[in-house]
Structure formats: C-alpha cells, structure tokens
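The primary structure of each chain is shown beneath.
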Amino acid sequence: MVPELGHFALIIALVIAIVLGTVPIVGAARGNAILMSVAKPAGQGFFVFMAMAYACLAWSFLADDFSVLNVASNSNSSLPMAYKFAASWGSHEGSLLLWTLMLSCWTLAVTAFSKHLPDDMVARVLGVMGLVGVGFLLFMLLTSNPFDRILPGAADGRDLNPLLQDPGMVIHPPMLYMGYVGFSVAFAFAIAALLGGRMDAAWARWSRPWTTVAWIFLTLGIAIGSWWAYYELGWGGWWFWDPVENASFLPWLVGTALIHSLAVTEKRGSFKSWTVLLAIAAFSLSLLGTFLVRSGVLTSVHAFATDPRRGVFILALLVIVIGSSLALFAWRAPKVGLGGSFGLLSKESLLLTNNVLLSVAAGSVLLGTLYPLFLDALGLGKISVGPPYFDSVFVPLMVPILFLMAVGPITRWKNQELRPLVRRLSAVLAAAVVLGVAAPFLADKLTPMMVLSMSLAFWVFLATAFGIVDRVRAANGKPGAIPMSYWGMQLAHAGVGVFVVGVAMVNGSQTTADLKMKVGDTANVAGFDYRFDGINEIDGPNYIAARGTLTVTKDGEPVTTLHPEKRIYRVQQMPMTEAAIDTHITHDLYVSLGEAVDQDTWIVRIFHKPFVVWIWGGCGLMALGGLLAAMDRRYRKLAARDAAAQSNAPTQAGGTASLRPAPGSQGA
Amino acid sequence: MMRFIWPLAIFLALVGFLAVGLNLNPREVPSPLIDKPAPAFSLPVLHAPDQTLTQNDLKGQVWLLNVWASWCVSCRQEHPLLVELAQANVVPIYGLNYKDERNAGMQWLSDHGDPYTASIMDADGRTGIEYGVYGVPETFVIDKQGVIRHKHIGPITREALEGKLLPMVRELNAS
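These protein sequence lines are chains A and B, in that order.
The numbering of the first sequence is the numbering used here, which starts it at 1 and goes up by one.
The numbering of the second sequence is the numbering used here, which starts it at 1001 and goes up by one.
If you're looking for bench data, these hints aren't it; they were derived computationally from the structure.
A hint or two may mislead.
Unchecked claim - Restricting the straight-line Cα-Cα distance to at most 25 Å, the calculated cross-link-like pairs of lysine to aspartate or glutamate (DMTMM-like) are:
#1 B:K1151 <-> B:E1084
#2 A:K382 <-> A:D242
#3 A:K382 <-> B:E1084
#4 A:K335 <-> A:E595
#5 B:K1099 <-> A:D598
#6 B:K1099 <-> A:E595
#7 B:K1164 <-> B:D1050
#8 A:K335 <-> B:D1035
#9 A:K518 <-> A:E565
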C-alpha cells in the first residue's frame, strides 16, 4: 500500500511540475499576473508530493518491505536502522528520487525567499526548475521506478553494499546532491534572465547567495567523500581522479568560477554573458555527472548498475536541457551589453584571469575524463587516463591561481597602478618564500615541489592577513564595519591555503610501510613504534571481523592503541578493511590490515601522514567562508531596495540596465 | 556573433561522442591474441598426470578453453552453466587448471561436477601467461585450425553463453 502511495505521489508531482514548468513561463511572456501567480503554490505542491514520495520509500526501507524490488536489492533485515534509511538512496532509483526531492527543496526555498524579486523573475525561475523536475520525474517513472514490486516478495534483502555502510556515506550523497541540484537555482536565474532580457546588477545579486549556498554543499560533499575514501578504502589515498570524482569536481571548478564572475557582474556590470554561460555550464556539468555515473560509458568504481535504455534517456534529457539553454544563450546573449570597461591591471582583470584558469582546469579535467571514450568511439584503441595526466595538467594551472588569489582582494576595481601594488606586496612575497624554504628544510624534505607549494601557501596566508589589516585600517579600525562577505572571502581563501599545506605535506613527506608482522613484532615507522599484539574475532550486527590490536609508542612513551579490522559482511560475503586512524593536527597514524599469512602473521600496512587533516580542514574553512559570504546583510538590504524600485516601475519584460555599483564595493 | 554559438557546437559534438559511447563497452579489453594461433603448450592431464596434451592434439575441432582453479570463487558461479553445456554435448570444453594443486583441483571437480573433456595442469602459471590470463575464470573459443577467435573474461553468464559463445561455436563448426 505505502509503495503504491509513493508511486501515486510521484505521478501527482509530475503533473504539478508540468503545470509549474509551463503556466508561469507563459504568464511571464504575456505579462499575465494571474498565470504568473501559479508559480509559488505549484512550487510548494511539487515539494509536498516529492516529500510524500520520499517518505513512502524511506518507510518501505525502515519497515523491511522486501516485496519492493529496490528494498530487496539494497537492504536487509539485520542492517542497522541508520543504514536502512541511508540505503533508500543507495541505489540508482533511490538516488534519483533523492535528487528530485532536493530539486523540490530548492524550489520551495526559492518560493520562500523571493518576496523581494519581481513577479516575472520568480515565475520564470520557478518555471525553469519545474521543467527540470519534469525531466527527472519522467526519467524515474518511465525507466527507474523506485517503487517497483516483486511478487512474491523476497524473504530477506540482499543487503546494502558494505562499502556504503559507513557514517560518511550516510551524509556524503545528500550533501553532494544538494550541491549539484543547488546549481539548478543559479541555472534557473540565468535562463530567466535570458528569457526576460534582464541581466543587471540586481539579477547578479539575487543569484549570488543561491550559488554560494549550493557551492558550500558541493564543497562539503566532495570533502566528505574524499575523507570517506581515505579511511574506508584502506589504501590511505584521498583523491584518485576517478571519472566519478571528476564528475563532482567539474561543477565545483565551474561553480567557483561562477561565484567570482557573479561578483564582477554585480559590482561592475561586466562579464554578463560569461556569467550566464558559467551558470549554465555549472548545472550542465552536474547533469553530465549524473549521466556518466548511470550510463556505463566509463568504467568507474562508483558506477551504478547500468542499463543502456537509461543511458539513452538521460542523454536525451541532456540534449533537451543543455542544448536548449545553449541555443537560448546563442540567441539572446549577443544582445547583452558589455558593461563597464576596466584596465589591464584591476580587480576585474584578475578575476577574469581566475575565471579563465578555472575554466581551463575544468576543461582539462573533462578532457582527461572523457578521453578514453573519445578514443574508443573513434576506434583508436582502449586507454585509461590516470593521475599522472591530471597531476601534470592540474598543478601548473593551480600555481597562478594561488598566486593571484592573494593579489585579487587588495587590488582596486577598474584600474590599479602596478607600482604601489608591488611596493606593498614585495615584502610579503619575500617572507612567503623564506618561510616556504624554511618549513621543508626543517622537516628535512627539501624538494622543489615542496618549496613551491609551501611558498604559495604562506603567500596566501600572509597576503590575506596583510589585506585584512589594510582593510581594517581603512575602516578606521572598526572591523564590525566591514561586510560579512569580505570576511567570508578571506576565510575561504585562507582555507585554500590550509588545503595546499595538507596536500603538499602528504604528497611530499608521508611514510608508508607494508609489513609482514607476527604477533609480538614491533615496527618503527616515521619515529613511532607499532607493536602487533594479535588478532581477535568479533561479531558485528551483520558482519564478522578480525580485529587487530597495535600498541603505538614513541620513544617508549605510550601514544595510542589502534584496532584495524578486516570485516566479512555476511549477506554479500564481501571483505572490507576498516582502517584504524589516530588523528592529530600535525599528523595521522594510519593502520590497515591486509591478508593473513598464517595463524599469527598478518600483512599490516602502516602510514604516517603529516598534516593530512588539513586537506579536509581547508575544505571546511572554504565552506565556512562561503556561509559567511552568503549571510551578508547586504543581500537582504539591497533586495528590499530592489523591491521598492520594482513596485515603482511595474513589471517590464524589456532590458533594464541599472548598473549602479553597489555601495561598499571593495569587498567582492 | 558566431562566438556565442561555440558552446552549443562543442556541446553537440560531445553528445555525439556520448551517444557512440553508449554502444561501447568500456570494460571489454580486447585480447591481442584474437585471430592468432593459440600459444603452444604441453601439459600433464589432471586425472592422468603421466599423459600430456598439446594444442596440436586438439586441432580439427572447435573447442573451448576454460581457465579455472579450486581457489577461484567466481568459478563456482559459472560452473553449473559449464556442466549443463557439457551435458548438451555441443562443444568440447578443455580446462586449464591454473596455479592449483592437483588434489585440491580433483576434489573440487568431484564436489561440483566435471564438465571438462580433459583438464590440464598449469601449476606454475606459465601457459596462463602465454594466454594473457589476468583473472580467473577466462574462456577462449578456438577454431579447427587452432586459432583463438574469442576471449571471455570473468564468469560466463547465460546471456554471454547464448548470445555470443554458442553462436560463435556454431558458425565456426559450419565453416
């Protein structure tokens, strides 16, 4: 009964989404206020029925309804409750439902936070989101219904993939999807702007907080996924350049470019068509990621069970959504003006460079990801593209980005004299290089790569601090007078520096040892002594495990006791390693169990990973910075002003070109 | 104004590749041995170690070479299909008992059934290397002239058997 209710709710949601995707857009084109007013209630209805459908699926999982194919394939009666719930998005069908639920959440959020927006804008934005919803609901109902039954029902389920039975996996997909789907709002704003011919500072200002919030979710989602890979896969890596990881990284790169480009469009009215293109690209790449994971065109560890019919459907969906947006772009963008001019050296030019570099980086990651497919499609052979390609392409692009990232915030809009800038920053640069050489020297890892990365990290830290001091001084020593978005930007930039330190230290100075250890053996890895005290069998809820005990000491002083596990999950008979990690701010001690050689001898893998938590800490700071920026009071204050201006000048479909730079435009 | 059309053009080119990609299987790794003579071997027979079998003994018929081992978990998955195929008497199946111990191998066959006309012992895995074996099980289709015509990696599924292997055997037998 409940699964049928869920199925029915999906059908109603589809009907509402069709209404949402057509009526308000027609209304906006004709200036018909009644048709436009359908948008908000329809958007809310879309959410209500999606939430109902999802609740039905979650209930089926929690209540062990194994007559639902999806439940029987991905859950088991002995699975812990939290994982039964997480299993509801563990499959292709369930994750699509989650995707669409999140789209409806974002739609609801737009209906709630759009009081200050002109009616035609709201109608178009919600309408575009409704159209995206129609595509995904059709996809689900026609090819991937999460409520399909098997009759007679199964006695018990085949269990959730053990890799996914982990707290990290419970939060990683929802975070990531919130990010992916969140870019649909920026996308909808861009399409609405193209349709309405309205691409002004106000439009950019409305888009900015939405884009930033989506970017925060995506940042956290990727970071959690990377952290999960680090502790769950047992080989101590944190990024593998797997096609599906790249699929999440591509929208992140373009989204980051979009955030910076929107700043210019809001403050200076420039880059308008470029900003629109980035907004379309960020969401298109999210959709492309969805296609890559589900169609089986690439080999990846993450791929869902694939089915060519689904592949054809998603490809058609991509063509319709992305193709029509790009066609609209080609048609309408030439009419968009150019905006304010700027000098060769200015905040605009630096942000433009940032945009170009991030886009080139995204392009080269996309190329590397799809290259095996290109060659195969052209009949030129089978290859795989791995980390050597990505490292050698990506690193050179990141160096100028990091260098300019520290310069941008202290550069003026419009035009910046070179000489004062050099005068102010040369001491900072010199200090960064000195520290960048000294740090690896003290750690006894003096390599060119290490010096380069550490110098860049110190450069980011010092120039950020310098910029803040300068800014506080300009605000007459009152930090409270500086807008929140400024602090957010600087915090996010510092987060990038923290991230760089983590990556440089792990890549440059980690220690790895693969050892055959007998009970009682002691091994010294990077100054720590690990004594192997034996293995005992333990019984988990749905697995059995061999649990090792290693006592770690440093110079005779006890440090910690680590318990790595090797689990066998009963239903799927799949072995899993659970690494034991002792995390400190300056290093991680990481132990994972390999195979048993005999009764008391095991292969043990021990890592010493300096500063590895800085990688995820840096991502956390970036996300926190994004949060501060999104919370800036200015968005609400100026939104109220825009609304007042709108009520004086009633709805017009023509292009209004109000390009006043907002007050306080120093801090983008 | 042309520059605004570029994104659309690039996207459409990408779609073309993705559409072609949908019909390709990225997991299918072609074997360089296809349409090449089967590498030579001379190995003892599992059930009669004093006899040896060479690839020349098998010429004149279409046959399957199935790489298996008692330690191989996924071999158990395909084994019932092989037993069924042997009973149907369509094509002789020869087993390459790969990096295994003789007793363990014989025990395994008596437990799970023996579909093989004969199994040969490749204890040190040399012949496996010659055949480019990188995972067990693997199955080769070899024609009357002793040329490898197809290689199946991983456990045989009913789909693969009926859709690819058997039609191929029939075609080769007819020629």
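Here is what the structure says about each hint:
The suggested pairing of K1151 (chain B) with E1084 (chain B) holds, with an alpha-carbon distance near 20 Å, which does not exceed 25 Å. Proposed proximity of K382 (chain A) and D242 (chain A) is supported: the alpha carbons are some 17 Å apart, at most 25 Å. Our distance criterion of 25 Å between C-alpha atoms is broken by K382 (chain A) and E1084 (chain B), whose separation comes to about 34 Å. With a C-alpha separation of about 65 Å, the suggested pair K335 (chain A) and E595 (chain A) falls outside the 25 Å cut-off, and the hint is violated.
Between K1099 (chain B) and D598 (chain A) the CA atoms are separated by roughly 20 Å; this keeps the pair inside 25 Å, and the hint holds. The suggested pairing of K1099 (chain B) with E595 (chain A) holds, with an alpha-carbon distance near 19 Å, which does not exceed 25 Å. Annotation: proposed proximity of K1164 (chain B) to D1050 (chain B) is violated, straight-line Cα distance about 36 Å (limit 25 Å). Restraint check for K335 (chain A) and D1035 (chain B): not satisfied, since their Cα atoms lie roughly 60 Å apart, outside the 25 Å limit.
A threshold of 25 Å between alpha carbons decides the hint, and for K518 (chain A) with E565 (chain A) the separation of about 16 Å falls inside it, so the pair holds.
The structure fails to meet hints 3, 4, 7, 8 from the earlier list, while all remaining hints are met.
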